[in-house]
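Undergrad: Keeping their order, the protein sequence lines are chains A and B. With this note's numbering as the guide, the letters of the first sequence map in order to residues 12 to 143. With this note's numbering as the guide, the letters of the second sequence map in order to residues 240 to 718.
For the record, the hints were derived by calculation from the structure and aren't laboratory data. By construction, the Cβ of each residue, glycine as well, lies at the ideal position given by its N, Cα and C atoms. Hints are not guaranteed to be accurate.
[To be verified] Reference listing, derived: stretches of chain B covered by chain A, where coverage requires no fewer than 3 residues with Cβ under 8 Å from a Cβ of chain A: (1) 440-453; (2) 472-485; (3) 645-656; (4) 665-679.
[Claimed, not checked] Which residues of chain A face chain B? A partial, calculated answer using Cβ under 7 Å: (5) N76; (6) Y80; (7) S83; (8) V84; (9) R113; (10) F114; (11) D115; (12) S116; (13) E117; (14) K119; (15) G120; (16) T122; (17) H123; (18) H124; (19) D142; (20) V143.
Take a look at the letters that make up each chain.
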Amino acid sequence: MKYELLPHLADLKIRVFGKNKNELFENAMVGMFEGAGFAATKQIAKKEIGVESINSESLLIDFLNEVLYLASVNKEIYQKIIYREFSEHKIRAELLGKKIKRFDSEIKGATHHNLEIKKIKDYWQAIILFDV
Amino acid sequence: MINKKNLKKISDWLWEIPKTFRKDMRVTARIYASDKIFDSVESEALNQLINSATLPGIVKYAIGMPDIHQGYGPPIGGVGAMKLPEGVISPGFVGYDENCGCRLLLSHYPQKEIQPHMERLAAEIQKKVPSGLGKGRQIKLSIEQINKILEGGVPKLVEQGYGEKEDVENCEEKGKIEEADASYVSEKAKNRGRDQVGTLGSGNHFLEIQKVEEIFDEKAAKVFGLFKGQTAIMIHTGSRGLGHQNCTDYLKIVMNALPKYGIKLPDRELACAPFNSPEGQNFFKAMSAVCNYAWANRQMITHYIRKAWQSVLGEKANLKLLYDVAHNIAKIEEYEVDGEKMKLIVHRKGATRAFPAGHSEIPQKYKDTGQPVIIPGSMGTSSYVLVGTEKSKEAWHTVCHGAGRTMSRHAATRSIPPQDLIKNLKNKGIIVHCASLRGLVEEAPQAYKDINEVVEVVHQAGLSKKVAKLIPLAVIKGE
Chain A
12 MKYELLPHLA
22 DLKIRVFGKN
32 KNELFENAMV
42 GMFEGAGFAA
52 TKQIAKKEIG
62 VESINSESLL
72 IDFLNEVLYL
82 ASVNKEIYQK
92 IIYREFSEHK
102 IRAELLGKKI
112 KRFDSEIKGA
122 THHNLEIKKI
132 KDYWQAIILF
142 DV
Chain B
240 MINKKNLKKI
250 SDWLWEIPKT
260 FRKDMRVTAR
270 IYASDKIFDS
280 VESEALNQLI
290 NSATLPGIVK
300 YAIGMPDIHQ
310 GYGPPIGGVG
320 AMKLPEGVIS
330 PGFVGYDENC
340 GCRLLLSHYP
350 QKEIQPHMER
360 LAAEIQKKVP
370 SGLGKGRQIK
380 LSIEQINKIL
390 EGGVPKLVEQ
400 GYGEKEDVEN
410 CEEKGKIEEA
420 DASYVSEKAK
430 NRGRDQVGTL
440 GSGNHFLEIQ
450 KVEEIFDEKA
460 AKVFGLFKGQ
470 TAIMIHTGSR
480 GLGHQNCTDY
490 LKIVMNALPK
500 YGIKLPDREL
510 ACAPFNSPEG
520 QNFFKAMSAV
530 CNYAWANRQM
540 ITHYIRKAWQ
550 SVLGEKANLK
560 LLYDVAHNIA
570 KIEEYEVDGE
580 KMKLIVHRKG
590 ATRAFPAGHS
600 EIPQKYKDTG
610 QPVIIPGSMG
620 TSSYVLVGTE
630 KSKEAWHTVC
640 HGAGRTMSRH
650 AATRSIPPQD
660 LIKNLKNKGI
670 IVHCASLRGL
680 VEEAPQAYKD
690 INEVVEVVHQ
700 AGLSKKVAKL
710 IPLAVIKGE
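So here's chain A without its partners, still in its complex pose (with noise of 0.2 Å):
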């Protein structure tokens, strides 16, 4: 399992799974824009991305940011990351997805709220909220 939806009053919260954090920043971004909705053409993009941050839940936190920036002014989402460069405070990657018709919600924001990364067994789990 990639993520799950978690309840929450007012917004979107999932807890993320991944084999390694790779996966895990993936799943998180999939997560993300599913817990949208959103309608997708079968046209292909791709973008470059490049996020510095003070440790690894910022990063996390950071990164999705900036994939939300990226598909909102470019109106796309992503599915797949091809790493170039990955550690505990930078990521440069490729990222690919579609072109999409529209979104179905909003999501504001990536929050830090009780966000932490852990590994639990073989697996790394990260629970995010997301203001939409």
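Once you've looked at the hints, dock chain B against the given chain A.
TA: Same frame as chain A, but now just chain B:
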């Protein structure tokens, strides 16, 4: 975590968490609520209010309104004022939708005369005001044009022919905060805003054609131009992607600057900076510019609604702006506190300003009455017009902003069949024009607190007085 037993009941409408409850609280926390509302307030919302009481420079109280619910950092329905110049300003205490707010347009038509045209009016308005989640507006403004809106706000649009002179007068801040500076808003934020001026957004944003169902205060209603049976249009939206990006941008900046100012907080999303620091000043100038953009957005929507209105009812049919209020904002205001005059940065997050009669910042024609306060209801329920009072000074002249959620979006989508909701609304005589069924169901009235209860609290607590109650005739949520 707070237990409700820790709270002290001050009156039937006011509760307190003393500052001795937790070591890091700088002030007492207060919640305006009835017994019934109080029982439904989530512990996490109370916890967030307590956290807000730890902000450096906060004066008197951290305040929760009766629609208080869980947010990020401070709760939604939260109010906090910090003393200038060294008290902090906090992006999280404004919210991701900077200057989300509400305005009410008044027609001279009674509902009976409009009813035969209702379907057509709703359809025309929906055509002219997109949600912005699909195509957005066809025209993508240049960065230069966005800068003009960020600094010029409503007056700029009226100058360009998108409104009337009274639209400036009857808008909070006259639709433009002077301290706005577009150079402190990022390119990213501006890019997100280029095709969104005149769009509604999603979630709990809406347009409604409404009827004045009941008048509580005849004198104030007359001054405001309200009469029983009157048709009105309510607009609820904010700064769209431009505002969300600005909040994201500055949250990151102030979070990174916390160690520099030695600020320790119980929750990262409370992140803040001293008002007189470069980070604090930059955020204030940027937020002010974004607020101007949001007012311009509501003004542009007004322009398109007027066009739709006139296309159905004729050229002479006009809509007058009663007032426009922000409910996510931070403003510099002056108050006398314990005999001392001081300037404060008043944060209102999901809370609405409510100035009393005689206040210098309200339009001349309302000066003897008080500021109109517009409170949107949740979909299919009542909305209210209130008037500000002198007593609300105890809450920095602030009241609630709406009803507050009780059911998650996910739970609403799972438990409320869309066709049942539409049927229920139709049975109440409410026309619905909404492109997204999911968007509709998430906003079902059963997912929210009872707006009548919420408004009753602020009325009984004396923070504002009810003037009129409006009911929806048509709900429009953009394509």
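Undergrad: Indicate, hint by hint, whether the structure satisfies it.
TA: How the hints compare with the structure:
no.: 1; hint: 440-453; result: holds (count 3)
no.: 2; hint: 472-485; result: holds (count 3)
no.: 3; hint: 645-656; result: holds (count 6)
no.: 4; hint: 665-679; result: holds (count 3)
no.: 5; hint: N76; result: holds (5 Å)
no.: 6; hint: Y80; result: holds (5 Å)
no.: 7; hint: S83; result: holds (5 Å)
no.: 8; hint: V84; result: holds (5 Å)
no.: 9; hint: R113; result: holds (3 Å)
no.: 10; hint: F114; result: holds (5 Å)
no.: 11; hint: D115; result: holds (6 Å)
no.: 12; hint: S116; result: holds (5 Å)
no.: 13; hint: E117; result: holds (5 Å)
no.: 14; hint: K119; result: holds (4 Å)
no.: 15; hint: G120; result: holds (5 Å)
no.: 16; hint: T122; result: holds (5 Å)
no.: 17; hint: H123; result: holds (5 Å)
no.: 18; hint: H124; result: holds (5 Å)
no.: 19; hint: D142; result: holds (5 Å)
no.: 20; hint: V143; result: holds (6 Å)
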